[in-house]
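Participant: Per UniProt numbering, the sequence shown runs over residues 1 to 318.
Hints listed in this document are in silico derivations from the structure and should not be mistaken for laboratory results. Any given hint might turn out to be false.
Claimed, not checked - Lysine-lysine pairs mimicking DSS-like chemistry, simulated, CA-CA at most 30 angstroms apart:
1) Lys109 with Lys124
2) Lys156 with Lys71
3) Lys29 with Lys71
4) Lys28 with Lys251
5) Lys124 with Lys295
6) Lys285 with Lys295
7) Lys285 with Lys156
8) Lys29 with Lys151
9) Lys28 with Lys243
10) Lys68 with Lys151
11) Lys156 with Lys251
12) Lys57 with Lys42
13) Lys71 with Lys35
14) Lys42 with Lys106
15) Lys124 with Lys106
16) Lys28 with Lys71
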Amino acid sequence: MNELIIELTEISPRDFFGLQNANINLLKKYFPKLKLVARGSKLKAYGDEEELEEFDKRISMLLEHFGKYNKIDENIIERVLLSRNKDEYETSPSSGEVLVHGVSGKLIKAQTANQRKLVELTQKNDMVFAVGPAGTGKTYTCVALAVKALKEKQVKRIILTRPAVEAGENLGFLPGDLKEKLDPYMQPLYDALRDMIPHEKLESYIEKGVIQIAPMAFMRGRTLDNAFVILDEAQNTTHAQMKMFLTRMGKSAKFVITGDPGQIDLPRRIISGLKEALLVLKDVKGVGIIFLDDKDVIRHRLVKEVIAAYKSIENLDS
């Protein structure tokens, strides 16, 4: 049996190995044929030469990542172990920088490789599609980018919109006027903004129209100049709605479209405007597309398990 000894120098073994060796236990799942022993500042691996070579390569990638960001977690480990090369999980240092200094000093930045790629794409393109399941940080990262652009005076206003399609609920039965009916539906957008902008300032921005949160129907007939515009839940747009929205783009505008094709609430036989747009615009220069996946989920650990479980039965149905 062959042996590989990896000595951790200049980095904390406790941080690299994880709490109660959680990171090492995850590595064991991906390399079941190897025996791994973590003691002190050394990680020893025993097994076949071919397996040890692959393990050495992946550990080197993880150590390099840890050296840059002083952090690894379950998402990073999985992405490094499953990537074919460095380009699939590594991004430029600037994409990992703090986007916004939020309320109570909260540092808001892209957490995963794909979120950092989303930041890069938005810096390089004026129109970006961010597609992926719930909990992958699509909306939150995009709102942070919008707030950053506003604070740095790259745009004069932020416009956040969603198609008013109910996920199994009927807005007509909710109490109140149109705004009161729609506010709960727009809540995820408000929640993200409240993390990033102090309450009084946010209320002032909304009152002055610097930040506008409205259903998609309010976009018709407008030309959106000098604005960072986010269309959220875009999987629930129709062909006509998506085309209408995309053609609202004015000068010095940034458009970001987020959605999850796996959560379409449209009536049957109506094609999702998001799915169609991804096909139609995939080769258009200046349009960026990023697909996030369950490895980008930064909610509770079980959310990732739920997505994987549903994906398996949805694959059977299709």
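Participant: Is the hinted pair Lys285 and Lys295 satisfied, with a Cα-Cα distance of at most 30 angstroms?
Facilitator: With a Cα-Cα distance of about 28 angstroms, the restraint between Lys285 and Lys295 holds, given a limit of 30 angstroms.
Participant: Does the structure keep Lys109 and Lys124 at a Cα separation of 30 angstroms or less?
Facilitator: holds, 18 angstroms
Participant: Does Lys151 lie within 30 angstroms of Lys68 when you go C-alpha to C-alpha?
Facilitator: This hinted pair holds, its Cα atoms lying about 27 angstroms apart.
Participant: Taken at face value, is the distance from the CA of Lys251 to the CA of Lys28 at most 30 angstroms?
Facilitator: violated, 53 angstroms
Participant: Please verify whether Lys28 and Lys71 have alpha carbons no more than 30 angstroms apart.
Facilitator: Holds - the C-alpha atoms of Lys71 and Lys28 are around 19 angstroms apart, at most 30 angstroms.
Participant: Given the proposed pairing of Lys29 with Lys151, does the C-alpha separation stay at or below 30 angstroms?
Facilitator: violated, 44 angstroms
Participant: Is the straight-line distance between the alpha-carbon of Lys156 and that of Lys71 30 angstroms or less?
Facilitator: violated, 35 angstroms
Participant: Take a quick look at whether Lys28 and Lys243 sit within 30 angstroms of each other, Cα to Cα.
Facilitator: violated, 49 angstroms
Participant: Run the distance test for Lys124 versus Lys106: straight-line Cα separation, threshold 30 angstroms.
Facilitator: holds, 26 angstroms
Participant: Would you mind confirming whether the straight-line C-alpha gap from Lys42 to Lys106 stays at or under 30 angstroms?
Facilitator: Violated: Lys42 and Lys106 sit about 35 angstroms apart, past 30 angstroms.
Participant: Is the hinted pair Lys57 and Lys42 satisfied, with a Cα-Cα distance of at most 30 angstroms?
Facilitator: holds, 16 angstroms
Participant: Given the hint that Lys156 pairs with Lys251, test it: the Cα-Cα distance must not exceed 30 angstroms.
Facilitator: Given pair Lys156, Lys251 holds - Cα atoms ~12 angstroms apart, limit 30 angstroms.
In summary, the numbered hints that this structure violates are 2, 4, 8, 9, 14.
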